[in-house]
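Chemist: We have chain A; now place chains B and C onto it with these hints.
In order, the protein sequence lines correspond to chains A, B and C.
Under the numbering used here, the first sequence is numbered contiguously, ending at residue 388.
Under the numbering used here, the second sequence is numbered contiguously, ending at residue 388.
Under the numbering used here, the third sequence is numbered contiguously, ending at residue 388.
The reader is advised that the hints may include incorrect statements.
Using 27 Å as the maximum straight-line C-alpha spacing, the simulated DSSO-like pairs for lysine-lysine come out as follows [stated by the list, open to error]:
| id | chain 1 | residue 1 | chain 2 | residue 2 |
| --- | --- | --- | --- | --- |
| 1 | C | K234 | A | K306 |
| 2 | B | K329 | C | K69 |
| 3 | C | K313 | B | K69 |
| 4 | B | K190 | C | K234 |
| 5 | A | K175 | C | K67 |
| 6 | C | K175 | B | K69 |
| 7 | C | K234 | A | K180 |
| 8 | C | K298 | A | K313 |
| 9 | C | K326 | A | K306 |
| 10 | C | K306 | B | K298 |
| 11 | B | K69 | C | K298 |
| 12 | B | K197 | C | K234 |
| 13 | B | K190 | C | K122 |
| 14 | C | K122 | B | K69 |
| 15 | C | K329 | B | K197 |
| 16 | B | K298 | C | K313 |
| 17 | C | K52 | B | K326 |
| 18 | B | K362 | B | K27 |
| 19 | B | K180 | C | K326 |
| 20 | A | K329 | B | K52 |
| 21 | A | K67 | B | K52 |
| 22 | C | K197 | A | K52 |
| 23 | B | K298 | C | K298 |
| 24 | C | K215 | A | K175 |
| 25 | B | K52 | A | K52 |
| 26 | B | K298 | A | K180 |
| 27 | A | K190 | B | K122 |
| 28 | C | K298 | A | K52 |
| 29 | B | K180 | C | K306 |
| 30 | A | K197 | B | K326 |
| 31 | C | K52 | B | K52 |
| 32 | A | K69 | B | K313 |
| 33 | A | K69 | B | K298 |
If you want the footprint, here are the derived chain A segments under chain B, 3+ residues with CB under 8 Å [claimed, not checked]:
| id | stretch |
| --- | --- |
| 34 | 70-77 |
| 35 | 361-374 |
If you are wondering where the hints come from, they were derived from the structure by calculation, not from laboratory data.
The structure presented is a predicted model; accordingly, all values stated were derived computationally and were not measured.
Beta carbons are placed, not taken as given, at the ideal position from N, Cα and C, and that holds for glycine.
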Amino acid sequence: MAGCCPALAGFLFEYDTPRIVLIRSRKVGLMNRAVQLLILAYVIGWVFVWEKGYQEMDSVVSSVTTKAKGIAVTNTSGLGFRVWDVADYVIPAQEENSLFVMTNMIITMNQTQDVCPEIPDKTTVCESDAHCIAGSAGTHSNGVATGRCVPFNGTVKTCEVAAWCPVEDDNHVPKPAFLKAAENFTLLVKNNIWYPKFNFSKRNILPTINTSYLKSCIYDAETDPFCPIFRLGKIVASAGHSFQDMAVEGGIMGIQIRWDCNLDRAAALCLPRYSFRRLDNRDADHNVSPGYNFRFAKYYNSPAGKEHRTLVKAYGIRFDIIVFGKAGKFDIIPTMINVGSGLALLGVATVLCDVIVLYCMKKKYYYRDKKYKYVEDYEQGLSSEAGQ
Amino acid sequence: MAGCCPALAGFLFEYDTPRIVLIRSRKVGLMNRAVQLLILAYVIGWVFVWEKGYQEMDSVVSSVTTKAKGIAVTNTSGLGFRVWDVADYVIPAQEENSLFVMTNMIITMNQTQDVCPEIPDKTTVCESDAHCIAGSAGTHSNGVATGRCVPFNGTVKTCEVAAWCPVEDDNHVPKPAFLKAAENFTLLVKNNIWYPKFNFSKRNILPTINTSYLKSCIYDAETDPFCPIFRLGKIVASAGHSFQDMAVEGGIMGIQIRWDCNLDRAAALCLPRYSFRRLDNRDADHNVSPGYNFRFAKYYNSPAGKEHRTLVKAYGIRFDIIVFGKAGKFDIIPTMINVGSGLALLGVATVLCDVIVLYCMKKKYYYRDKKYKYVEDYEQGLSSEAGQ
Amino acid sequence: MAGCCPALAGFLFEYDTPRIVLIRSRKVGLMNRAVQLLILAYVIGWVFVWEKGYQEMDSVVSSVTTKAKGIAVTNTSGLGFRVWDVADYVIPAQEENSLFVMTNMIITMNQTQDVCPEIPDKTTVCESDAHCIAGSAGTHSNGVATGRCVPFNGTVKTCEVAAWCPVEDDNHVPKPAFLKAAENFTLLVKNNIWYPKFNFSKRNILPTINTSYLKSCIYDAETDPFCPIFRLGKIVASAGHSFQDMAVEGGIMGIQIRWDCNLDRAAALCLPRYSFRRLDNRDADHNVSPGYNFRFAKYYNSPAGKEHRTLVKAYGIRFDIIVFGKAGKFDIIPTMINVGSGLALLGVATVLCDVIVLYCMKKKYYYRDKKYKYVEDYEQGLSSEAGQ
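Next comes chain A alone, as it looks inside the complex:
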C-alpha cells in the first residue's frame, strides 16, 4: 500500500498530452486547414446532413390488404353471354401481399376420368399401337398411355391416354385476351405500416383525405399521388408496358410502396410513394412458359354421382405489393459514434500534411529535424542524440 499510493496519485494527478510542433508557414498552414475543411465538410455534409448519421434507423413492418372491383362481359360461342365479377376472376379469393386477376383463359369443360386421344405433338402422333408404350407418362403428357393408337381427328392419330377427358388443348392462347375489359378494373390497396422501435404506425389512407374523395378517386402520379385506388391498365402503363399485350399470356406486376420517414419532422410528412415495375421480364429468346398462368378446376357431381370437372388454364396478372422503407429519429448513440469516427478521420489530415511536409517539400530536412527527436538505443551508442 505504501508503494501503491504514490503510483496511484501519479496516475490520477498527471495529464499527458502530445507535444506539438507548430510550424508557422503560410503554405503548409493553408494546406493543412484546407484538408481539414474538406474532411469536416465530408463528415458534416455527407454523414450528418445526407445520410442522417445522427438518427437511429428502423425498417418497416407492413400489413397489406387488397380488393379488386369491376365487371367484364364476354360473349363467345362456347360459353354464351356471360358476366364476370370479382368472385370469378380473383383466384384464390384472398392472399397475403398479392392479388391475381385472371385476364385470359383456356376452358376445358366436362372433363371426366376416361380414355381419349392425346393432343397431337412430336411425341404423341402415332401410326400404330407399336408407337405407344402402355403405362408411360411423359413430363408434358396429360395422362397415362393405354398403349393404343386412336384417331384424334380425321387425319391424325395419337396415342390414347387415361386422363381427365377430353384433354386440354392449350396450343392457341386467345388473342386479344378473353377478359380484356380487366384494363378498367380497379384495385384498392390498404396498407398499414409500423416502425417497432419508434412505435409509429400509419396507413396509406391519409387522414387528410375524405371519404367522398376516396369513393371516386383513381391514382395518378401527378394529380392524385395519395389515392390508394389503382386502375389496372394505368399500373401496367406506368411500368412502360401494354396491358392488352400483357393480358394475353399474363405476368407479374410489382406495386412498390416506399415509406421513407424522418420522424424528427412532423408525422404528416411521412407519406407513401407508389411506383410500378414489371417483375417478370420477358425476353424473346426464352419463351419457356412465358408470362404467368396456372391451372385450376371446378369439380361437379353429375346426378348419377359421377364426378366431372371444368379445367381452367388461367392466364393473368399477379399484383405483388412490395412495401419497403426506413424511418429515422435522433438518437444520442449513433450521433456519438459518428462524431467519434469524424474526429478519427480528422487525424488523416495531419498524416497527409506530414507526408507532404516531410517528404515532398524543399525544406523537408529542416522540418524533420524539428518534428523528430532522435533517440539512439544506448547499447548502439549513447553519444549521438540527434535532433534535440
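Modeler: Leaving out everything else, chains B and C in the frame of chain A:
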C-alpha cells in the same frame, strides 16, 4: 541497392512514438481521468454489455405452419341448422404465413347468369328506361345495365343489369357476427427458425414440453408463455380489442414471434416471445371498406347442366404470423472493430482536456508554451524558435 | 477586427503536427513494424479483400413463380382407377413464394349436415346417454353432441354429434403415400431478382441456356447446376431425407436461392446457387400433428338441392422458395469510412509498443525520460522540469 539498404534499415529499426507532455496538476489530471473514465464506461457499458458489440449478428429465417380447430353451430331461417368446421371457415385452406378465419358472411344462394334489378342506391334508382344507359357498368355495380328500368320491389324501381342474379345485397352486415363462436376456436402455430450464419435452428414447440401438455394447453402470457396453441378470443383481447366487435366486419391480427438469442449462452435460453397487435387500425373517420372481407363463390351444375353459384362475402380475421429476431455470437472481427473505435474515442478525452487546459485555464500561456514547439518558416525568420 | 486578424492569420498559417520521438532500436523498431504489418494485413486482407469494405451493399428484391408438372395414377377400391393431374394435387392453385403438392390424403365422401356417431376415442366412447352432454363440443370433436349415445359399430357406442356426416376417421394415414408417384413430378421455379440501389435485375433462367435444353433438363448440383427445373424426389434427397417417408405425413421443404453478386465484375458471373433444407424438423418425442396437412372440401349440390361435400385431409409437401443474397459495388463512401477506421486501428500499434517499451523493457526509464516532458504545475513547484 547501396542507397536503399540504409533507408530500409532505418525504416525497419526505427520506432516512432509521439512525444508526450506530462503535466503534473491535480485539477487537470483528475479532469482528464474523469473524461477517460466516462468514455471507457460508455464503450464498455453501452457498446459491449448493452449492444453486445463483440458479437456477430444474424437475422432469423423462419417457416410457419398453422392449424385451426373448432366447431361452430348456426341456426338461421335461410340456412337452417348447420355445423361449421375448419374446411368451411378457413379460406383458402392453406397459406404460407397467414390464416383466415371467417367470422361473418353474407350469402347469396343460387345465382345464375341472368338479368335482374340492381340493389337500390343513389345511382341505380330510376323512374324510366331513360335513366338507365344500356351497356354501362359503374365501379360499384354488380353487372352491365340492359337499359331497362324495372321494379326492385313494390315501391322502388332500379336499372336492370345482366349479372349473376339475384345480385348480392350487402347493405346490412349481420350483427352479432354469424360465427360468433369463433372466439373459442384454437390456433396451433408451428414455427421453425434458423440462423444461417451459426447453423442454429429451433422450434417453438420446446423440447422441455411434453405431448400431453401440448394436447391441452392454451397460451397465456402469465401461466403458459410457451404453449403454441392460441384461443382466438384471447389473441384479440391481448391486443386490446373486442373479438365480438372485430368479428362483425373483420380485421387483421398480427401474431408476432420474437426470437432474440444470445448464442454464447445455452441454447435452451433461446426462447420465443409472443405478442399480439391489430394490424388494421380502424378510425371512425375513414370507413371506406372497413375491416377485412373478400368474396368467393362455390360453383354448382344443375342437373340440366346450367351453372349456378353461391356467392359468399366473407368477413373475418386474418392472422398474420410475423417472425423476427436477431441472434448474436462472439466473433473476433466485430470485437476488434469495436475495440478500435473505442480507442479512437479515447482520443476525444485528450482533445477535450487540451481545449480546457490551453484556452480556459488561468495558466494557459504557461501550458501552451510547454505543449507547443514553435517552428518558424526560416524564410520568415529562423531566429525565434520559441517554446524549446 | 484589429485583434481578430492576427488570430485568424495565426490559425490559417500555422500547422501543428505531433512531435515524434524516434527511437533507433532494432528490437523495438522491428516489433513496431511487425504489429503495424499485422494490422495493415488485417485491414487490407479482411476488410477490403474478404469483406469487400470498399463496396456499397444492397439486399435482393425477388419475385417467384412456380409450376408443377406430372401425372399420378391410383387404383383403390374407394375411388377406382383415377388419374391425378396438377389441378388435382396443387392446392391452392397459386401462391406467392410457395407451392403445395398433395402426396397423401384421407377422403371422406358425401358428407351432409346430419347426426352421426363420433369416431371412438377416450372422450367419445359412451355407455348411455348420461355420458354425452348435449351441446358440448370439445376441441378435437367433429361436431356438437346431441346428448345421445348411439352404436358406432357392432361393439362400440359413441356420443352422437350434429356434424358433416359421416365424420372423418383420420386414425390411419395411408402408408405408403397415396400419390407416391409425386416423387417424379417436376417443379419449374422462375425467379426474377432486382437490386434497387444498382438497378440491376436478373432471372434464374440464364441467357446462356437455350430453350431446347430447358425443355428437357433436370437440376443436378453437379451436372446441371443452373437448370431451374427440379424433380421433387431429388429435392428431398438433397436435403438428406427420404421422399417416400416424407410423403406419408407431409412436411415443408425450403428451396433456397442465393444470389451473391459482385457487380464490379461481369454481370454474367452473378449466378443463382440452389440449396435445399427441410424446414419442419421432426423429432420423435413431439409428434403433436407431425408433418404438414390441412383440410379442404369440395362442395356439391344434389339434384334435390341439398348440399353435400367431399372432405379431404390433404398431406403433402409445401415447397417454400426462399431467395436471399447481397450485391456489392464499389462506392467512395464506404471506402473512405473503412480507410479511416483502418488508420485509427494503426494507432493501436503505437499504443501496444508504448506499453511494451515503457513498462516491460529493461531500459524503460531511459525511454520514458525521452518520451515524456514533465511539466509541474508551478504552484506545486516550478523548479523541477524533468525530462527536458
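Chemist: Each hint: holds or not?
Modeler: Evaluated hints:
1. With a C-alpha separation of about 37 Å, the suggested pair K234/C and K306/A falls outside the 27 Å cut-off, and the hint is violated.
2. Annotation: proposed proximity of K329/B to K69/C is violated, straight-line Cα distance about 43 Å (limit 27 Å).
3. Between K313/C and K69/B the CA atoms are separated by roughly 13 Å; this keeps the pair inside 27 Å, and the hint holds.
4. At roughly 26 Å between alpha-carbon atoms, K190/B and K234/C fall within 27 Å of each other, so this suggested pair holds.
5. Using a Cα cut-off of 27 Å, the hinted pair K175/A and K67/C holds, with the two alpha carbons roughly 23 Å apart.
6. Note on K175/C and K69/B: the hinted pairing holds, with a Cα-Cα distance of about 25 Å set against a maximum of 27 Å.
7. Between K234/C and K180/A, the direct Cα distance comes to roughly 41 Å. Violation of the 27 Å bound is thereby established for this hinted pair.
8. For the hint pairing K298/C with K313/A, the CA-to-CA distance comes to about 19 Å; that is within 27 Å, so the pair holds.
9. With a C-alpha separation of about 54 Å, the suggested pair K326/C and K306/A falls outside the 27 Å cut-off, and the hint is violated.
10. Note on K306/C and K298/B: the hinted pairing holds, with a Cα-Cα distance of about 14 Å set against a maximum of 27 Å.
11. A distance of roughly 19 Å separates the Cα atoms of K69/B and K298/C; the hinted pair therefore holds under the 27 Å criterion.
12. Distance restraint check for K197/B and K234/C: the Cα-Cα separation of roughly 25 Å lies within the 27 Å cut-off, and the hinted pair is therefore satisfied.
13. For the hint linking K190/B to K122/C, the alpha-carbon distance of about 26 Å falls within 27 Å, and the restraint holds.
14. For the hint linking K122/C to K69/B, the alpha-carbon distance of about 18 Å falls within 27 Å, and the restraint holds.
15. For the hint pairing K329/C with K197/B, the CA-to-CA distance comes to about 23 Å; that is within 27 Å, so the pair holds.
16. For the given pair, K298/B sits about 19 Å from K313/C by alpha-carbon distance, which is consistent with the 27 Å threshold.
17. For the given pair, K52/C sits about 23 Å from K326/B by alpha-carbon distance, which is consistent with the 27 Å threshold.
18. Straight-line distance between C-alpha atoms of K362/B and K27/B comes to about 12 Å, which keeps the hinted pair within the 27 Å bound.
19. Between K180/B and K326/C the alpha-carbon distance is near 47 Å, which puts this suggested pair outside the 27 Å criterion.
20. A threshold of 27 Å between alpha carbons decides the hint, and for K329/A with K52/B the separation of about 22 Å falls inside it, so the pair holds.
21. For the given pair, K67/A sits about 45 Å from K52/B by alpha-carbon distance, which is inconsistent with the 27 Å threshold.
22. A C-alpha spacing of about 18 Å is found between K197/C and K52/A, which places the hinted pair at or below 27 Å, so the restraint holds.
23. Annotation: proposed proximity of K298/B to K298/C holds, straight-line Cα distance about 9 Å (limit 27 Å).
24. Between K215/C and K175/A the alpha-carbon distance is near 25 Å, which keeps this suggested pair within the 27 Å criterion.
25. This hinted pair checks out: K52/B and K52/A have alpha carbons roughly 24 Å apart, not beyond 27 Å.
26. As the CA atoms of K298/B and K180/A are separated by approximately 24 Å, the hinted pair is consistent with the 27 Å bound.
27. Taking the CA atoms of K190/A and K122/B, the gap is near 26 Å; set against the 27 Å cutoff, the hint holds.
28. A distance of roughly 56 Å separates the Cα atoms of K298/C and K52/A; the hinted pair therefore is violated under the 27 Å criterion.
29. Between K180/B and K306/C the alpha-carbon distance is near 25 Å, which keeps this suggested pair within the 27 Å criterion.
30. Between K197/A and K326/B the alpha-carbon distance is near 14 Å, which keeps this suggested pair within the 27 Å criterion.
31. Between K52/C and K52/B, the direct Cα distance comes to roughly 24 Å. Compliance with the 27 Å bound is thereby established for this hinted pair.
32. Of the supplied pair hints, the one linking K69/A and K313/B holds, its CA atoms being roughly 13 Å apart against a limit of 27 Å.
33. With a C-alpha separation of about 19 Å, the suggested pair K69/A and K298/B falls inside the 27 Å cut-off, and the hint holds.
34. With 3 residues having a Cβ less than 8 Å from any Cβ of chain B, the stretch 70-77 of chain A passes the three-residue criterion, so the hint holds.
35. Three residues within the 8 Å Cβ limit are the bar, and the stretch 361-374 of chain A against chain B gives 6, so the coverage statement holds.
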